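Student: Top line first, the protein sequences correspond to chains E and Y.
Be aware that the first sequence starts at 1, since it is given in my numbering, and climbs by one per residue.
Be aware that the second sequence starts at 1, since it is given in my numbering, and climbs by one per residue.
Hints are computed from structural coordinates only; laboratory data are not their basis.
Warning: the hint list may mix true and false statements.
Residues on chain Y that point at chain E, a partial pick, calculated with CB under 8 Å [said to hold, decoys possible]:
hint, residue
1, L381
2, D387
3, R391
Since the structure is predicted, the reported quantities are computational estimates derived from the model, not experimental observations.
All residues carry an ideal CB built from backbone N, CA and C; glycine is no exception.
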Amino acid sequence: MTIKQLSIFIENKSGTLIKVLEMLSKANIQIIASTVADTKDYGIYRVLCDNPVQAYMLLKDEGINAQLTDVFAISIDDMPGTAAIAINKISASGVNILYLYSFLWKEKGVLVFRTDNNEKAQEAIILNKLRFLTEIDF
Amino acid sequence: MVDNKSPYFNPERETLTREGIEALQLERLQATVKHCMNSPFYKKRFEEMGLKPEDIKSLDDVRKLPFTTKQDLRDTYPFGIASVPLRKCVRLHSSSGTTGNPTVILHTQKDLDEWANQVARNLWMVGLRPDDVFQNSSGYGMFTGGLGFQYGAEKLGMLTVPAAAGNTLRQIKFIKDFGTTALHAVPSYVTRIYEVMQQTGVDPRKDTKLRVLAIGAEPHSEEQRKRIEAMLGVKAYNSFGMSEMCGPGVGFECCEQNGLHFWEDYYIVEIVDPETLEPVPDGEIGELVLTTLQREAMPLLRYRTRDLTRVLGRTCPCGRNHIRLDRMRGRSDDMIVLRGVNIFPIQIEKILMQFPELANNYLITLTTDNDNDNMTVEVELEELFTDDYQRLLDLEKNIKRALKDEILLTPHVKLVAKGTLPVSEGKAVRVVDKRKVYQ
Numbered sequence: 001m002t003i004k005q006l007s008i009f010i011e012n013k014s015g016t017l018i019k020v021l022e023m024l025s026k027a028n029i030q031i032i033a034s035t036v037a038d039t040k041d042y043g044i045y046r047v048l049c050d051n052p053v054q055a056y057m058l059l060k061d062e063g064i065n066a067q068l069t070d071v072f073a074i075s076i077d078d079m080p081g082t083a084a085i086a087i088n089k090i091s092a093s094g095v096n097i098l099y100l101y102s103f104l105w106k107e108k109g110v111l112v113f114r115t116d117n118n119e120k121a122q123e124a125i126i127l128n129k130l131r132f133l134t135e136i137d138f
Numbered sequence: 001m002v003d004n005k006s007p008y009f010n011p012e013r014e015t016l017t018r019e020g021i022e023a024l025q026l027e028r029l030q031a032t033v034k035h036c037m038n039s040p041f042y043k044k045r046f047e048e049m050g051l052k053p054e055d056i057k058s059l060d061d062v063r064k065l066p067f068t069t070k071q072d073l074r075d076t077y078p079f080g081i082a083s084v085p086l087r088k089c090v091r092l093h094s095s096s097g098t099t100g101n102p103t104v105i106l107h108t109q110k111d112l113d114e115w116a117n118q119v120a121r122n123l124w125m126v127g128l129r130p131d132d133v134f135q136n137s138s139g140y141g142m143f144t145g146g147l148g149f150q151y152g153a154e155k156l157g158m159l160t161v162p163a164a165a166g167n168t169l170r171q172i173k174f175i176k177d178f179g180t181t182a183l184h185a186v187p188s189y190v191t192r193i194y195e196v197m198q199q200t201g202v203d204p205r206k207d208t209k210l211r212v213l214a215i216g217a218e219p220h221s222e223e224q225r226k227r228i229e230a231m232l233g234v235k236a237y238n239s240f241g242m243s244e245m246c247g248p249g250v251g252f253e254c255c256e257q258n259g260l261h262f263w264e265d266y267y268i269v270e271i272v273d274p275e276t277l278e279p280v281p282d283g284e285i286g287e288l289v290l291t292t293l294q295r296e297a298m299p300l301l302r303y304r305t306r307d308l309t310r311v312l313g314r315t316c317p318c319g320r321n322h323i324r325l326d327r328m329r330g331r332s333d334d335m336i337v338l339r340g341v342n343i344f345p346i347q348i349e350k351i352l353m354q355f356p357e358l359a360n361n362y363l364i365t366l367t368t369d370n371d372n373d374n375m376t377v378e379v380e381l382e383e384l385f386t387d388d389y390q391r392l393l394d395l396e397k398n399i400k401r402a403l404k405d406e407i408l409l410t411p412h413v414k415l416v417a418k419g420t421l422p423v424s425e426g427k428a429v430r431v432v433d434k435r436k437v438y439q
C-alpha cells in the first residue's frame, strides 16, 4: 500500500540540488512532487517520481547519498476540509505522522506522509476506506 | 638567598659565556651518557650501535648518539628507559596515552629540585620576586603545567595559588581578593578569563594587580600575545615545556620578548631537518631535538620533540647567552595542539571508524573564532540510512560525544555528502589549520 519515495541527502550549499536534478533529468525520470526543508548544514530532498527504483540505482551509482523510503499517498477531493477528515482518521488510530506534504494530481489532492507505524496506518486507511495511490497510478 | 635586586636567579649559570656553557655541557653530556648505561633501553641501543660512552670526546660527538622518540617511550612503557631503580624515584608524570601506551616520565627528588630551579629562574627572569602572588590556572594532576609551576613559584618564594583550570568566576575572585600579580594559563583560557571579567564588570587594570602572565602549552601568535597584553594591561611571556624534558621551564622568554631562552646548562639544543636529521643552519626552521644534561631518573638523549622552530641567536641584551629560539612554528608530525590538549588525527579516525554510518574520509579544520580555538570535524555519510532529520542529528551528537571522550574536547561535527571531502592520496590532507598562530 505504501509507495517508494526517493530521499536524497544534500548539503546546504549552492550547486548541490542542481547536480541531483540533472542526473534525474538525464535518466528521463519524471518528478511528480518534491520537497526540502530549510536546515543549517544539510537537508533531505524528498522526491516522488515515476520510477523511484531506477532513480535510486542511478543515484547510488553516482555516489549520491540516497534512500528509498516507504510513504503513503492518500487521494482526497480538492475542496475545503478533506485533508482534516483524512488525517483525523489516521491519527485516531494512534499513528504518528513524521512529515507530510501535498500536491495536486489529476484534479485531486494528494497527501504524502511517512508514519511511525505503517501497519497501523494501513489498517486505518482500509477501515476508513480512504483512497490511496500506488506506484502504478503515477 | 638570592639578591632581590639581581636580574638573575642564578647569576653564575645564567651569565655563562659561550665557552663556559660549552665546557659545562661537555662535562655534563659525558656524565649523562655514562649514566644512561644504567638504562636497559640505552644500554641495548649503544651495544647495537657499537657505541661506548668514551666515544663522546667533544660536544659535536652528540651527533654520534642515537635519537630517542616518543615511540621509544611507548615501547618501553612503563619503566624501561629509567636509569635509576624505581625506589629512587619520587614522582611520576604521564601523558594521556590516547594513541597507544602512555608515556611515563619518572623523577628523583633531585630532578624535582632542578625542575623547580628552572621554573624559578624563568619567573625571576621576567621580574617576579618573592613579594608577588602567583596564581596557577593550569590543569594539575598528570599535566606538568600544574605542579611544575607550583614548585617553581614556591621555590622563588612567591605566595602561590594552585587555582587549577576552570571555574572562571572563582579565578577572578581569587585574582581580586588575593592580589594576584602573576598568572599562568593557556592563552585561550586567558581570553576566557577576560571575557568573564567584562561580563561581570571587572576592569583588570583598576580592579586587579595583574602585571605578568606566563602563557604556553598552546600555539599562539605574536598578535594573540599583544592582544592579551592589551586586554589585561600586563606583560605576557611565552613558556615552553614538555613532560619528557620535565615540564614547563625548558625555555622561557626574557623581558626582551625576542625568542625563548633554552637553558643550555640543562639541555643540549639541536635543530635538525626532520627528513634527513642533519643539522640546519641558524635561522632556518627545523625540528627541535633536546638532550637532557641534569636528569637523574630518566635522562633522554637527542629526544625528537617534533616541534618546529629556529635559532634566533646566542646572545641577548638581557645578559644571558643561552640560546634563543623562535616561538614554535608547527609540528613535524601531525599532532594538533588545541587549547593545551595534544591530539593526533589517528585518535579521531579511530572513533569515526566505529560508526558504520560514516564513509572513510574526514576533514579536521581548526579555526580561531573570537579568540577561541575550535575544531570542526567533517564526516562523510556512507549511506543515507534514514530520511529522518532527528536520526541524523542524533548521529552527529553521538559522534561528538565519542570524540569528546577520546580527545577531551568537544569539536563541532558536520555531516557532509559522500564524495565531497578531499580524497586521500598517499598522505591525506586530514587537517586544515586556519588558526592565526604561526604567522
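Student: Each of the hints needs a verdict: does it hold here or not?
Tutor: So, going through the hints one by one against the coordinates:
1. L381: At about 5 Å, which falls below the 8 Å cut-off, the nearest Cβ of chain E leaves the hint on Y/L381 intact, so it holds.
2. D387: Interface hint status for Y/D387: holds (3 Å vs cutoff 8 Å).
3. R391: violated (10 Å)
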